[in-house]
Amino acid sequence: MTHPASSSGFDASYFDGVSSKAHACTVRFDGHILRLVLTQSGAQHSWPLAELVLAVQANDARQIVLQLPGHCELHFSLDAGFSHGPEPALSGAAAESEALLRNERDALMQALRRQDGWTWLHTIERNKVWMVALLLVTAGLVFSSLRWGAPLAAKYLAGVLPESVAQTMGEQSMAILDKVYFSPSKLPPARQQGLQQQLRAYCSGKDRACPHFQLEFRDGGSIGANALALPNGTLVVTDQLVELAQQDSEIIAVLAHELGHIAQQHSTRLALQTIGVTLIVTTALGDLDSVADMGQGLPALLLQSGYSRDMESEADDYALQWLQKRCISPTHLATILARIDDHPSKTGLLDSHPGTLDRMEKFKQASNTKHCS
Amino acid sequence: MSDAPQISAATTTISDGTEKNTYPFSFTGRGSEYFSIWIVNLALTILTLGIYGAWAKVRRMNWFYGHTFLDGHNFVYHAQPMQILKGRIIGIALLLAYLLTSHFTPALGVALSLALMVATPWLLRSSLRFTARMTSYRGLRFDFTGSTGQAFWVFLLLPALGILSLGLLMPYATQQSLAYVARNTFYGSEIVTWEGKAKDFWKMHLKGGAAILLALLLGVGVFAVGLLGQYSFMESIGAFFDTSDENSGVDPITRRFLFMYLVPMFILIYIGFFMYTAVVRAQSANLLYNGAKLNQFGFNSTQKGRSLGALMLLNSVLGMLTFGLYQPWAKVAVAKYRARHLAVVGPGSLDSFIAGAQKDASAIGDSVGDILDIDISIG
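Chains as they are written, first to last, in the numbering used here: chain A, 1 to 373; chain B, 1 to 379.
There's no promise every hint is true.
To be verified - Using 30 Å as the maximum straight-line C-alpha spacing, the simulated DSS-like pairs for lysine-lysine come out as follows:
# : chain 1 : residue 1 : chain 2 : residue 2
1 : A       : Lys155    : A       : Lys206
2 : B       : Lys336    : A       : Lys128
3 : A       : Lys21     : B       : Lys20
4 : A       : Lys21     : B       : Lys336
5 : A       : Lys128    : B       : Lys20
6 : B       : Lys293    : A       : Lys21
7 : B       : Lys207    : B       : Lys336
Claimed, not checked - Here are the computed distance ranges between Cβ atoms for each label pair:
#  : chain 1 : residue 1 : chain 2 : residue 2 : range
8  : A       : Ala139    : B       : Leu213    : 39 to 45 Å
9  : B       : Met82     : A       : Leu357    : 56 to 62 Å
10 : A       : Gln44     : B       : Lys199    : 55 to 61 Å
11 : B       : Ala224    : A       : Glu171    : 33 to 39 Å
12 : A       : Ser204    : B       : Lys86     : 56 to 62 Å
13 : A       : Thr278    : B       : Lys199    : 42 to 48 Å
14 : B       : Lys86     : A       : Gln40     : 41 to 47 Å
As the list claims (entries may be wrong) - Footprint (simulated), chain A over chain B, 3 or more residues, beta carbon under 8 Å:
#  : segment
15 : 43 to 53
16 : 60 to 74
17 : 102 to 109
18 : 343 to 356
In case anyone wonders, no lab produced these hints; they're calculated from the structure. The beta-carbon is built from N, C-alpha and C at its ideal position, and this holds for glycine as well.
Work out the full structure: start from the sequences and follow the hints.
Quick look at the structure:
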């Protein structure tokens, strides 16, 4: 006959996985084996530590659940009391002191957490200093990757991306533009030819290389006076811009800026950057439930505008050099800009372009120093 | 600190001669505790480029479930991170595919986004199933047995019809989706039965619609009163959104003036949208729970659109003021609210349920939906 185990231990509820009934029991833990005695039936169960799974992981949990083999569960509270067995005289064992039982329960929790393997995590979560350090490192990494990492990676990737990708992008974008905004150009063919020839002339000869381009004219519709560069080298100039210009050099100056976009693969880089940022933000925050707050979109918007402004500045710098090499005064770019924008202002945070005033300043200053050959 | 579980003592009320016990839910978690978990989750997820997200989710769900008590026993979330990680990897791959195609080949991108939209019901259903099977209460697991086909009907086609019918079919759509979720849920071997009256759903949508309408009217009214006779409505809207330097026909002084009137309008519309969401959420929870029965046990859900809306609004404002750091407290406040307004009512005790057959669940649907921000927030 087996000796009846002492039914002292810390109080717990045993669930046999067959019904939702809570079976009161007392639990002992000797460092290796967990033993429990069901209060009503006196039945005993035991399991080695390795078979126990801590199902409630939180540091602050007071109600603990252990998953036992065979779909059983053991629930106990860290604040629960202790039951003491029958009279020492009957069981032959001394009534265990509460302190001893409390220690056994604590030892069980420690052993379970150690077995869990995440003690370092619990340490961080409980230690304010660690948390702050972690936060600072993370914030720094996120900021630098978004501010510098994504643009750099995009620049590199744009360089190694196959030609066909840029080609497709350009073709599809042109198709959409033609469908939604543009209509065929109303400029006389002779005028179009003239401008084509001028640009080609500026792109032939020693030290006058231009990126591969194809000049197209369109009626700008609601877009008005403007020029665009597409990833496949297509340059689009609207009729309205041509009419707004008082000298051909002004149109050429705008084209120089657009060539800058093509030379530096801005569309592709911007697309890659957006993808990168979206991916970073989504994977990092995807865990934090629905981020439906209005405030969340603002940083992304600011970032996007920041990237665009950098690229527009790059294109302006390219245009300046391009114009100076060909002895065209950069003031022409300033002039046409002024005419497009009736109310020039300084750069705002949400602007996709640097403020016209700032740009005009740059061009006017550049025209004071001529590097004409 | 002695914990809440002990106060969930049942109160006995007698009606039509039968004794009914009320078992209120309670939530014992504290915002400050969750903050630690939340912050570390965020940092580690970012540092591991999202891989830790699977562990983060488990820790989060485990914490919330573990602090939810009913009749002195808590709920347990049993999912393991590796299961969730596989689903996440697929989710990120899909996201990447979508982003690449939408930027470089827009035509294909549109096709892919349509495909993702169609896949959403499948993801929702998988998510419901996985979460159910990973949840236990008093040692018994839940289950969800809804079919994918029904999911398409209830989560995609019916809502689409609801929109196409200018809202006339929306109450029916909501009713059917709640029915789908409720009637396919098992606790142990016990299936949930559910009844919902059409007129209740009509009431809910009308109330919600009224909230939005009221906000819109107030907002536009403020705007109109301020600008009657000054500028045409379209001109003003156009000028406000025209942040570029080109083509701006409105001088800065007028812009500031418009700002003064448009900002209150947008704020009122924002509040109205919140109230609408809160009304729908609160009423949906009530309709879902109050209509459900598990054997002899029913639920009593008493969420109110106004109080939930006020809470959500406060959370949102505090969240914006603290650059998002308030979120853990916000989530805890909502969990407390939901628990406070839910109880199980029935005769006898809760220990008479029997287990169902044991099943496994794949986590793919659960985590893919996660990454793509798909979620059912009912109750």
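Violations among the numbered hints, reported as their numbers in ascending order: When the structure is compared with the hints, numbers 5, 11 turn out to be violated.
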